[in-house]
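With chain A fixed as given, assemble chain B onto it according to the hints.
There are 2 protein chains.
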Amino acid sequence: MSEISRMVEKAKTASAAMALLPTSVKNRALKAMADGLDRGGKDILAANGRDLAAARAKGIAGALLDRLMLNEKRIGEMPRGLREVARLPDPVGQVISRRTRPNGLRILKVRVPIGVIAIVYEARPNVTADCAGLCIKSGNSVILRGGSEAIHSNRAIFRRIEAAGRKAGLAEGALQLVWDTDRRSVDELLGTPGGVDLVIPRGGEGLIRQVVAKAKVPVIKQYKGICHTYVDASADLKKAEEICFNAKVQRPGVCNAMETLLVHRAAAPKFLPAMARRYAQAGVRLRGDAPTRRILRGMPVQPATERDWATEYLDLILSVKVVGSVGEAMEHIRRWGSSHSDAIVTRSKPNAARFLKGVDSACVYVNASTRFTDGGQFGLGAEIGVSTDKLHARGPMGLEELTTYKYEVTGTGQVRR
Amino acid sequence: MSEISRMVEKAKTASAAMALLPTSVKNRALKAMADGLDRGGKDILAANGRDLAAARAKGIAGALLDRLMLNEKRIGEMPRGLREVARLPDPVGQVISRRTRPNGLRILKVRVPIGVIAIVYEARPNVTADCAGLCIKSGNSVILRGGSEAIHSNRAIFRRIEAAGRKAGLAEGALQLVWDTDRRSVDELLGTPGGVDLVIPRGGEGLIRQVVAKAKVPVIKQYKGICHTYVDASADLKKAEEICFNAKVQRPGVCNAMETLLVHRAAAPKFLPAMARRYAQAGVRLRGDAPTRRILRGMPVQPATERDWATEYLDLILSVKVVGSVGEAMEHIRRWGSSHSDAIVTRSKPNAARFLKGVDSACVYVNASTRFTDGGQFGLGAEIGVSTDKLHARGPMGLEELTTYKYEVTGTGQVRR
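As given, the protein sequences belong to chains A and B, one line each in that order. For the first sequence, our numbering assigns the number 1 to the initial residue and increments by one for each residue that follows. For the second sequence, our numbering assigns the number 1 to the initial residue and increments by one for each residue that follows.
With the rest of the complex left out, here is chain A (with noise of 0.2 Å):
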């Protein structure tokens, strides 16, 4: 038996007990992860500066050398998601609908943890601890496996939150982390039927679609988030303005930042030249189809290809696009959307009930932000990530999103005739 092998056995073991733990104990447990955290902090960041070295040494910088840095501000984040945790309801028991059938059966649908969940990630190492939280609180076993730049980081966190979980009542083999950094154990991990009961991956896009490649059990993802804004002819200008500048700005690297704008032809005369002025102050570069760069000829704006149209840019670069109606729009969204998080700003009614309707996206606005696509924005307490996948979570996943549900069915001697 391999070593993944015995994880998942020891998980699936740790599982069922995970499902009947009463919520003080779950709580109890992500206290006591925190308090190890709390205490852990010289360890943790002297294992980062191993990793941070060895990432140096290979030539990694900018970005992704900052993804994979902790520092003191970032180490206390981790103990304090986990009490955030500790403090939402347990979705485990929630009794999601009761019925009392003719022949006196009494069936109740009821949330219960989806099993054993492996958390597939990389560079960031704050997920070891992020992800844990929420699925033991979920009821979850979890198998954490992170990428080889962060390992020693990965295995530092771990080591606290396990023992202090453990100690406070969680199950051996609950939390488990794959401890080598070889490939071989991914593809096991991902290519054994009957396995892990799911596979969350977090990371790029590249992680995402090697994971999905490989994978022969359950996987909840988020490919992209190619997000569109659409200001529409009737639209309350200021307020697109503040929208459009809020959802490519306020943070561009993530998933819910907006990558393409498009205005009705009857507001861009007027909106786009007030709106391009503020982009440039921002640093926002533009490509713009033909009807865009006539409008702000005299700007520095790059002609958009079809290819822009199908880009996450995740960076302050924004397509824009000038249509003729509310459904030409919708028919860009629909052609190269990535159905994650798309917006409409409107003052009729119909074009925003149209919108609403007709855009076949896990999130979509009317006169908001797309930036709101967040578990902690929609009140869910935290999120394990988005999934652009239409089957058991749509959007941000929260506690809920990890749990599934049974049939409890209670009679006094029906048969079926």
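Copies of the same chain are indistinguishable here, so a pair counts whether it falls within one copy or spans any two.
Only pairs whose alpha carbons sit at most 25 Å apart, straight line, appear in this in silico BS3-like list of lysine-lysine:
| # | residue 1 | residue 2 |
| --- | --- | --- |
| 1 | Lys224 | Lys357 |
| 2 | Lys109 | Lys357 |
| 3 | Lys12 | Lys221 |
| 4 | Lys238 | Lys349 |
| 5 | Lys349 | Lys109 |
Just so you know, the hints here were simulated from the structure itself, not pulled from any lab data.
Chain B only, in chain A's frame:
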């Protein structure tokens, strides 16, 4: 572009229209489809005759031939089913939850269709009408791919329902049948990531394993039903007898029939002889572990092997095991069960609660027959199948389980700080 890609493209285009179709139009279409079948009975019988002749020529007989066979009664059930589905509530547009955030954002979680659903099935031609009805009522486009053995029947049924449905307002492409019987069509349907949104295979374990092995798109499935009934020490033995008889005998060839009987050793000496006599009268053959055979000595009980614990007989055969505790029964179910439907018969509330919470199956019963695992019996109105998966849908799948959700977020200009 291949024929299958063209079909998927058409289905996608249609699904945008289907998602917005008013309930009244969908219901009118379902009734028109039912009328079409009523008028087409003779054609369908003739087409079925061709399938039956071809099957007989191949030497097919018995249960397989029976599954393929239509008669007036069976043909009459299809339009009745469609009219029933027309009467069920429309899940599309239902608000699952609503919340208003402190910043005034209104967030609605709304049920929407999944999109394009492919049904891959074998034998029973009635699946053509039944699945079409459920997919359409839930606002999805559907691509049907039946087995070659039923192709003439499937085409005849499809012709009637497709023409009638389209005339009554369904989008073109919302309802499609893969016309040829080339295996490569199935491979392409299953193997195109980003193609259909969901595949539901309907048929034997062999078909389902084939589909899963090839699928690069989401699948919801039921491998098999190895259902257990555990008769506890404290069981009302009269009730236990009725439940165990019903679970095995009422319809042995289906997934929710009992395959293994577990009996507490305190109940076994009194319960098993009476039960075995009753089973013998109904033609049930028993396979027992050593204690069972000791208690039933003099009766024809074959020795049960590990293989029996893992077998879905779908027949009048039952494996029997004596256990020492509810915990041992649960452990047996964990090891050998299929997470489908399992029951305890007991008068002990703690044991009932322990079993309900601890057995990780889609449907867990106290004092009732596992035969109730069924969309109709659960009050879902109709079912497209039973899922032994844990993600998205578990247990009987009705109209709701053919939907996903989206978040509709309405603001007044909110931006993220």
